[in-house]
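Novice: Sequence:
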Amino acid sequence: GGDHDTRSVTTVTAKTLDDYLTNQRVKQRPALIMFHVGWCKACQRTFPLFIAASDRVQREKVPMDFAHADCTDDKSLCQRFEVTGYPTIKLFAPEEGKAPQNFRGTRTEVGFLNYAKRMTMPPIRNFESWSAYEKALSDEAYSGIIVEDRHAKDLQQVALRWMDRHIVASAPKLSDLLPEELRSQVPDDAYIAVLSLSRLQWKDSDEQAPPAVAFYKDVFDTTAIDNWIVNSRFPGIWSLSDANFFEYSHADKSAVVVALPQEVSSDVAQQTRGAQQALQSDYFFGVVNGEDWSKELTNLGIFPEELPRAFVIEKNFESWVEDINELRVSHLQQDLQKLSDGAPLLRQGRTIMHKVFLYKRKAWRFVLQTWAYGQQGNLQMATVVFAGLLWLALVIGFLWGLWSCCNYVMLEDEPEFSHVQRAAIQAQGVSVEEGRLS
Numbered sequence: 045g046g047d048h049d050t051r052s053v054t055t056v057t058a059k060t061l062d063d064y065l066t067n068q069r070v071k072q073r074p075a076l077i078m079f080h081v082g083w084c085k086a087c088q089r090t091f092p093l094f095i096a097a098s099d100r101v102q103r104e105k106v107p108m109d110f111a112h113a114d115c116t117d118d119k120s121l122c123q124r125f126e127v128t129g130y131p132t133i134k135l136f137a138p139e140e141g142k143a144p145q146n147f148r149g150t151r152t153e154v155g156f157l158n159y160a161k162r163m164t165m166p167p168i169r170n171f172e173s174w175s176a177y178e179k180a181l182s183d184e185a186y187s188g189i190i191v192e193d194r195h196a197k198d199l200q201q202v203a204l205r206w207m208d209r210h211i212v213a214s215a216p217k218l219s220d221l222l223p224e225e226l227r228s229q230v231p232d233d234a235y236i237a238v239l240s241l242s243r244l245q246w247k248d249s250d251e252q253a254p255p256a257v258a259f260y261k262d263v264f265d266t267t268a269i270d271n272w273i274v275n276s277r278f279p280g281i282w283s284l285s286d287a288n289f290f291e292y293s294h295a296d297k298s299a300v301v302v303a304l305p306q307e308v309s310s311d312v313a314q315q316t317r318g319a320q321q322a323l324q325s326d327y328f329f330g331v332v333n334g335e336d337w338s339k340e341l342t343n344l345g346i347f348p349e350e351l352p353r354a355f356v357i358e359k360n361f362e363s364w365v366e367d368i369n370e371l372r373v374s375h376l377q378q379d380l381q382k383l384s385d386g387a388p389l390l391r392q393g394r395t396i397m398h399k400v401f402l403y404k405r406k407a408w409r410f411v412l413q414t415w416a417y418g419q420q421g422n423l424q425m426a427t428v429v430f431a432g433l434l435w436l437a438l439v440i441g442f443l444w445g446l447w448s449c450c451n452y453v454m455l456e457d458e459p460e461f462s463h464v465q466r467a468a469i470q471a472q473g474v475s476v477e478e479g480r481l482s
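Mapped onto our numbering, the consecutive letters of the sequence shown carry residue numbers 45 to 482.
Quick caveat, the hints were computed from the structure, so don't treat them as lab data.
Among these hints, one or two may not hold up.
Unchecked claim - In silico DMTMM-like cross-links for lysine to aspartate or glutamate, where the CA-CA straight-line distance does not exceed 20 Å:
hint : residue 1 : residue 2
1    : Lys59     : Glu126
2    : Lys179    : Glu224
3    : Lys261    : Asp233
4    : Lys59     : Asp114
5    : Lys71     : Glu104
6    : Lys85     : Glu340
7    : Lys134    : Asp118
8    : Lys297    : Glu362
My request is simple: use the sequences and hints to build the entire structure.
Specialist: If you want it as structure tokens, here you go:
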């Protein structure tokens with residue numbers, strides 16, 4: 045992580061960690077531990093923020109301690125806790141036998157601080173008013189979850205799962221903790237809500253984006269409620285940034301990302317909002333600034349000159365759908381519906397087979413596009429034929445050159461002997477094969 049003043053962050057090693065955790069259990073204080081290595085650029089960026097957050101945690105008397113383990117020279121500690129990437133940050137609870145929990149919040153000073161506060165408070169917190177809840181959410185990167193008081197006690201276990209990323213609040217009525225413009229939208233039988241503040245939502249004009257909300261009103265069942273939160277915790281259309289993109293793209297639900305230029309037409313905005321309204325049960329929706337994210341998008345097969353573009357993240361980013369011809373922002377709702385119905389759009393991934401299939405599809409589409417161009421007239425067809433013959437000549441030339449090189453490198457020219465030479469060699473008592481080598 046580099047050379048930093050770590051006075052507020054305890055250094056732990058393979059020899060000292062168990063004693064440190066035992067001491068934390070005695071004090072009944074959780075510990076947030078960062079596993080890192082010196083050569084990791086992400087670690088070098090994150091570690092100073094981790095230290096700064098630890099300083100603030102101490103100043104604000106939040107009952108949590110920060111520690112770090114440098115795995116550069118001794119990887120046994122990281123191997124013990126199955127650390128596969130750096131930095132990895134884990135929360136160690138003071139309860140005996142409880143497994144460490146991966147940190148999934150935002151890796152910023154404020155993100156670490158808010159996490160420490162959330163994880164040292166009750167899983168469901170009571171708020172008296174919307175203004176109090178709004179203040180608590182002011183620095184949060186994700187939605188808030190609201191439950192009515194009558195169900196709060198029975199939802200403790202559900203809240204424990206989500207409290208590391210969301211403030212779970214309770215009030216006598218859902219409308220007590222909603223902004224005024226959303227209070228009239230509460231269904232009569234709803235008792236849980238997910239709320240995304242205006243600042244987290246994408247705005248397609250100079251006006252502030254409206255907040256977004258989703259309501260749960262089905263029969264009380266903790267498993268069903270937990271599944272509903274999985275599918276509802278990114279309501280509306282999110283403005284995606286470094287602070288929320290990882291969680292958005294690893295949210296256990298297919299997620300649409302629309303990459304837009306600086307100037308957005310009204311038609312694009314209408315298509316994006318219409319698709320979200322129609323298909324929010326199938327997808328999350330978010331928007332990135334395609335010019336600011338050009339490097340990341342290029343790695344996904346999306347180039348700045350093609351904006352606006354859309355792609356769909358699947359299986360927590362194990363694969364993604366990116367198809368310039370069949371997944372168009374101008375027909376976003378229609379094309380996403382086709383994808384939901386099983387249409388064979390271009391699907392990319394991180395495996396070799398995904399790459400092979402991608403290049404095969406791209407090559408076939410190029411052939412079709414070239415043929416369509418040739419159908420436009422005699423001149424175009426002549427151009428296509430000439431380009432095809434030129435390409436074929438280049439391929440043949442390349443293969444011939446490759447074959448010649450292989451012959452030159454791998455094959456030896458063996459000398460041929462005349463009958464006289466053979467007789468002379470044999471008269472010396474040497475075989476012809478030995479004669480070739482001499």
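Novice: Taking the hints in turn, state whether each one holds.
Specialist: For each hint, the structure was consulted:
1. Lys59 with Glu126: Status holds; Cα separation ~17 Å.
2. Lys179 with Glu224: Given pair Lys179, Glu224 holds - Cα atoms ~15 Å apart, limit 20 Å.
3. Lys261 with Asp233: Holds: Lys261 and Asp233 sit about 5 Å apart, inside 20 Å.
4. Lys59 with Asp114: holds, 13 Å
5. Lys71 with Glu104: holds, 18 Å
6. Lys85 with Glu340: holds, 17 Å
7. Lys134 with Asp118: This hinted pair holds, its Cα atoms lying about 18 Å apart.
8. Lys297 with Glu362: Measuring from Cα to Cα gives roughly 12 Å; hence the hint holds.
Hint compliance for this structure: no hint is broken.
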